[in-house]
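Chemist: So the protein sequences, as listed, match chains A and B. When the first sequence is numbered by our numbering, its final residue is 569 and no position is left out of the sequence of numbers. When the second sequence is numbered by our numbering, its final residue is 32 and no position is left out of the sequence of numbers.
The set of hints was computed from the structure by calculation and includes no laboratory data. The structure displayed is predicted, hence computed values, not measured ones. Note that CB positions come from ideal geometry on N, CA and C, so glycine has one too. Worth double-checking, as some hints may not be accurate.
[Stated by the list, open to error] Across the chosen pairs, the derived CB separations fall in these ranges:
id: 1; chain 1: A; residue 1: Glu413; chain 2: B; residue 2: Arg4; range: 50 to 56 angstroms
id: 2; chain 1: A; residue 1: Ala439; chain 2: B; residue 2: Val21; range: 23 to 29 angstroms
id: 3; chain 1: B; residue 1: Ile32; chain 2: A; residue 2: Gln215; range: 57 to 63 angstroms
id: 4; chain 1: B; residue 1: Ile10; chain 2: A; residue 2: Leu278; range: 46 to 52 angstroms
id: 5; chain 1: B; residue 1: Ile32; chain 2: A; residue 2: Glu324; range: 45 to 51 angstroms
id: 6; chain 1: A; residue 1: Leu92; chain 2: B; residue 2: Ile10; range: 25 to 31 angstroms
id: 7; chain 1: B; residue 1: Arg4; chain 2: A; residue 2: Lys280; range: 52 to 58 angstroms
id: 8; chain 1: A; residue 1: Pro94; chain 2: B; residue 2: Val21; range: 37 to 43 angstroms
id: 9; chain 1: A; residue 1: Asn251; chain 2: B; residue 2: Ile32; range: 48 to 54 angstroms
id: 10; chain 1: B; residue 1: Gly14; chain 2: A; residue 2: Ala317; range: 46 to 52 angstroms
id: 11; chain 1: A; residue 1: Val441; chain 2: B; residue 2: Val21; range: 21 to 27 angstroms
id: 12; chain 1: B; residue 1: Ile10; chain 2: A; residue 2: Cys52; range: 29 to 35 angstroms
id: 13; chain 1: B; residue 1: Gly14; chain 2: A; residue 2: His563; range: 27 to 33 angstroms
[Claimed, not checked] Computed footprint of chain B on chain A, listed as stretches where at least three residues anywhere in the stretch have a Cβ under 8 angstroms from a Cβ of chain B:
id: 14; region: 64–77
id: 15; region: 103–117
id: 16; region: 410–424
id: 17; region: 494–503
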Amino acid sequence: MDPRGWAEIALTLAVTVALAWPLGIYMARVWQGEKTWLDPILKPVERLVYAACGVKPEKGQGWIAYSMSFLAFSVASFVVLYLILRFQNLLPLNPQGFAGLSPDLSFNTAISFVTNTNWQSYVPEQVMSTFSQMAGLTSHNFLSAAAGIAVAAALARAFAANRAENLGDFWVDLTRISLYVLLPFAIVIALVFVALGEPQTLLAHVTAHTVEGGKQTIALFPVASQEAIKQFGTNGGGLFNANSAHPFENPNAITNFIEIVIMNVLSYACAIAFGRIVLAKRDARALVAVMAIFVFVAAGVVYAAETQPAPALVAAHADASVNMEGKEVRFGAPSTAIWTAATTGASDGGVNAMHDSYMPLAGGMAMFMIQLGEIVPGGVGSGLYGMIVLALISVFVAGLMVGRTPEYLGKKVEAREIKYAMLAVLILTVSILGFAGVAAVVPVALKGLENSGPHGLSEILYAYSSATGNNGSAFAGLSANVPYWNATLGVAMLLGRFAYAIPVLAIAGSMAVKPKLGATAGTFPTDGPLFVGLLVGVIVIMGGLQYFPALALGPIVEHFQVLHAVAAAR
Amino acid sequence: LERQMLDIIYILGGVAIFIVFAAYAYSLRRI
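Bound conformation, chain A alone:
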């Protein structure tokens, strides 16, 4: 380990959080329908969308209507995207002449992009047409991100409300977040990426002549525009199989730095916007602090683990100071470590290194960050509402300790909200451990594994953690493009997205109708270090208790095997 490595990790995190502040302030205005500096350009477009879709912005929705709109939008998106992928051979912009995707792969991919997961069971440059990438997948990178943020906006309005039932309108939130937040920033970021060397072209490929005199055909796409929203919307799905380890998606250290920052900035900004709307800026700061603590610690664990000697390097008497297997030389261990923490903590899922090649504890840390529920800082919108769910559980636990009715941000937390919160939290465990447990014993699932023993279990556990957490990164070493994996991972993605978001909207509905209370001497403060410590503890204990046995059989036992192998090699 090197002090410069630690400085790089700290600097990246500091820049991300600092940029989240102005973005959060701006986004609060968008969530509340207030005037923004983009109104002169975008207001007419916004009105046109409402007129074309029959949306009445002033009407508002209760939590059930909001949930139904969310589901209706998602199911329609799923069907349309499925058809685009299945029949891409009949659609334009297919210069590669690719056939339609298989039914099970279309199912998996359509769900993957509708749920903001971007799990990819396929090799993009070998199967996906330009039209499918642009009209199918990239459009959902915007819309699925906007839908997640919309749920967070509804929750924020619920906490701000005083005896109201109206959470806002899903269609208005979807439109405004897409138009005012995602689109303009994605355009600017895409232009920056073009300037930094990422391709932006409709050409199918370029032919390179190698120094040995051979020819190499290299696939091309409109990469920069996809890369921008891929990271800014915590999507993570790459245009190339190597994802952001590919030099077209991530050419140099500067693009690498920008991509890490933008894959987290919107998630922190959601917490800041929440604090402004609920008039609880200090409480929001506490949430941001908890998120940042986890990212820093996770990056530190990955960095420390990746600078431990790997058995193969020790046996070869090579330089074992850094495990460079699966890493890009142009990024090195610290950049890879902070990327890993950022992408697994944020449900982004884009990778700049192969997680399967990490030392066991680093791979386990990546998995653990996903298993915490994608809340530190989490996906756009979903990170915030996941964090609020755990904050409610934390104040409930604190209330039990001191014997008072718990409150959070001026709202009493009662049995009903805790039941909703537990339903949300438990669905993740049921999906991850349930599907992984079945896959570990079913022969048709085990056929796809390329490793046995603890590493094989890690591959299974990571796949279902990634799908359920709507992360989308792959541990690699798993051939998932078969009907069993495509179908079960698809269902896991749906459970992680909707079986979590629906109880959250129920919490919003329940909170909105409650009176807003002022703080009293008996109110447990939720804006100080005590609450930060409590929330960190609840997150770790809930994650630890639920997943520790499975992790012990996977990455933890593999860690001890590695220690034994290193000792033997010496």
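Could you slot chain B onto chain A? The hints should help.
Modeler: Only chain B this time, still in chain A's reference frame:
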């Protein structure tokens, strides 16, 4: 024909899961 059957199964299966989520949302009102 087999692929068309699979298309129907996957599309209807996906839609059915969303209907279950809608029913789940309504069931939460009783808590």
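Chemist: The structure should be examined with respect to each hint, and the outcome stated for every one.
Modeler: Hint by hint, here is what the structure shows:
About 52 angstroms separates the C-beta atoms of glutamate 413 of chain A and arginine 4 of chain B, a value consistent with the hinted range of 50 to 56 angstroms. Here the CB-CB span from alanine 439 of chain A to valine 21 of chain B is close to 26 angstroms, well matched to the stated 23 to 29 angstroms. Isoleucine 32 of chain B and glutamine 215 of chain A have their C-beta atoms about 60 angstroms apart, which keeps the hinted 57 to 63 angstroms range intact. A beta carbon spacing of about 50 angstroms between isoleucine 10 of chain B and leucine 278 of chain A agrees with the range 46 to 52 angstroms that was offered as a hint.
As the Cβ distance of isoleucine 32 of chain B to glutamate 324 of chain A is approximately 50 angstroms, the hint placing it in 45 to 51 angstroms holds. Between leucine 92 of chain A and isoleucine 10 of chain B, the C-beta spacing of about 29 angstroms keeps the proposed range 25 to 31 angstroms intact. The supplied range of 52 to 58 angstroms is met by arginine 4 of chain B and lysine 280 of chain A, whose beta-carbon atoms lie about 55 angstroms from each other. The given range of 37 to 43 angstroms is respected by proline 94 of chain A and valine 21 of chain B, whose C-beta atoms sit roughly 40 angstroms from each other.
Between asparagine 251 of chain A and isoleucine 32 of chain B the beta carbon distance is about 52 angstroms. The supplied range of 48 to 54 angstroms therefore holds. The hint said 46 to 52 angstroms for the Cβ distance between glycine 14 of chain B and alanine 317 of chain A, and at roughly 51 angstroms that hint holds. Distance hint for valine 441 of chain A and valine 21 of chain B: a CB-CB separation of about 23 angstroms, consistent with the stated range 21 to 27 angstroms. Evaluation of the 29 to 35 angstroms hint for isoleucine 10 of chain B and cysteine 52 of chain A yields a pass: the beta carbon distance comes to about 31 angstroms.
Range check, glycine 14 of chain B to histidine 563 of chain A: Cβ separation about 46 angstroms, and the 27 to 33 angstroms hint is violated. Note: the region 64–77 of chain A has 6 residues with beta-carbon separation from chain B under 8 angstroms; the three-residue rule is met and the coverage holds. Residues of the region 103–117 of chain A with a Cβ under 8 angstroms from some Cβ of chain B number 5, which satisfies the need for three, so the listed coverage holds. Counting residues of the region 410–424 of chain A whose beta carbon lies closer than 8 angstroms to any beta carbon of chain B gives 4, which meets the minimum of three for the stated coverage.
Under a criterion of three residues with beta carbons nearer than 8 angstroms to beta carbons of chain B, the stated coverage of the region 494–503 of chain A is upheld, 4 such residues being counted.
Going through the hint list in order, the structure does not satisfy hint 13, though it satisfies all others.
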